[in-house]
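Protein chains in written order, with the numbering used here: chain A, 1 to 181; chain B, 1 to 235.
Warning: the hint list may mix true and false statements.
[Said to hold, decoys possible] Result set (DSBU-like, lysine-lysine): computed pairs, CA atoms no more than 30 angstroms apart in a straight line:
(1) A:Lys143 with B:Lys79
(2) A:Lys143 with B:Lys123
(3) A:Lys169 with A:Lys47
Keep in mind the hints are simulated off the structure, nothing from the lab.
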Amino acid sequence: MAKPKVATTSLAGCFGCHMSILDIDERILKLVELVDFDKSPIDDIKKFTGRCAVGLIEGGCCNEENVEVLRSFREHCDVLISLGDCAIMGGIPALRNTIPLQECYDEAYLNGPTVHNPSRQIPNDPELPLLLHKVYPCHEVVKIDYHLAGCPPPADTIWEALVALLTNKPVALPYELVKYD
Amino acid sequence: MSSTIEFTINGKDITGRPGQTVLEAAQDAGVYIPRLCYMRGLAAFGACRVCTVLVNGRPQAACTQTVAPGMVVENNTEKMTAFRRNLIDMLFVEGNHFCMFCEKSGNCELQALAYRFGIAAPKYPYMFQPREVDMSHGDVFIDRNRCVLCGRCVRASRDVDGKHVFDFVGRGLHKRIAVNAEALLGDTELAVTDKAAEACPVGAIVKKRVGYAVPVGQRLYDHKPIGSEIESTAL
Chain A
1 MAKPKVATTS
11 LAGCFGCHMS
21 ILDIDERILK
31 LVELVDFDKS
41 PIDDIKKFTG
51 RCAVGLIEGG
61 CCNEENVEVL
71 RSFREHCDVL
81 ISLGDCAIMG
91 GIPALRNTIP
101 LQECYDEAYL
111 NGPTVHNPSR
121 QIPNDPELPL
131 LLHKVYPCHE
141 VVKIDYHLAG
151 CPPPADTIWE
161 ALVALLTNKP
171 VALPYELVKY
181 D
Chain B
1 MSSTIEFTIN
11 GKDITGRPGQ
21 TVLEAAQDAG
31 VYIPRLCYMR
41 GLAAFGACRV
51 CTVLVNGRPQ
61 AACTQTVAPG
71 MVVENNTEKM
81 TAFRRNLIDM
91 LFVEGNHFCM
101 FCEKSGNCEL
111 QALAYRFGIA
121 APKYPYMFQP
131 REVDMSHGDV
141 FIDRNRCVLC
151 GRCVRASRDV
161 DGKHVFDFVG
171 RGLHKRIAVN
181 AEALLGDTEL
191 AVTDKAAEAC
201 PVGAIVKKRV
211 GYAVPVGQRL
221 YDHKPIGSEI
231 ESTAL
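Okay, chain A solo, but in the shape it has when bound (with noise of 0.2 angstroms):
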């Protein structure tokens, strides 16, 4: 039988929850004897090659190819997981969500102390994906079956999770592994 795969992504991430799984250290030659990996910047994969068992979201989503990306994983993977806070509440990218829209494009492109832009473009190019007005936590955009806190979740949590998930037995993390911080 076909092992079963794992695809994850970064969205409005900073790739330290894909650190934390590296850091699950010589266990990932155990994970890769469970699963296979489909895309994922583990292996640089960037297009799903079939169905997936399981999919990690690292970050929320701030921009519409973040939507877009977590769409496609919710059509290709039976078990999606919100990987970390920002997956789960929107992170450090949503400090920006009590702040207007055109306020967080003037600070950064015209207004902040460090810009330096005399043409005052501010970037609008059809290739760039549009911002949201807010930064949306995942299970706001699509259903979510597992949340793994913590920025980020402790590799243990993570290994603990997916052991579980691809050994078809319950998800019940222990009290110290489930954590916010």
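Got chain A sorted already, so can you dock chain B onto it with the hints?
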């Protein structure tokens, strides 16, 4: 009048003293009733409703309800835990709680309650309302993003410090902590040694130049859930 009062919590016999609240009688018997706005030494307030229990089938705040003979109290039932979980969920989405960089993280009672109830993500949509930060005081700051309106600072300043530095203004979603001055916290009589400066259960009123003093792994709620210190005293 008898000097003890017998009642039950989840079927367990508890002995309280006349005038004692359900929450305190339970605590003395090693039964933890989750709470947020209650603080020993401050007047009971009944604001957060996290300590709500069923008394003879009726919801009552355990921090304000005094004990009476033969009371039947339901505390950690599935129904009450679901109710409390919803309250914590609502507090998380109403404020802007960025645990990942908060100085209080690991020692925060709101966060600890969420851990205790096993909350992975709140079920309600986040509101992301703008809230004011006041850095004007030399030794203490207010970050209203993290405020849960428990009123501990109000009571501590008024009743313990005798200064009445804090109070509530506004109603409903607009309710917020205000300071007793023309403008800012720096204009008040608040001193860093005041009870009000350390009464906050969350990271809304924080002493400056303390920062992340306790390393991760050694903080109050890193290893054991909030309330376990009370439960461990049970006979």
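Cross-check of the supplied hints:
1. Simply put, Lys143 (chain A) and Lys79 (chain B) have alpha-carbon atoms about 25 angstroms apart, close enough for the 30 angstroms limit, and the pair holds.
2. In summary, the hint linking Lys143 (chain A) to Lys123 (chain B) is supported, as the alpha carbons are separated by about 12 angstroms, within the 30 angstroms threshold.
3. Between Lys169 (chain A) and Lys47 (chain A), the direct Cα distance comes to roughly 29 angstroms. Compliance with the 30 angstroms bound is thereby established for this hinted pair.
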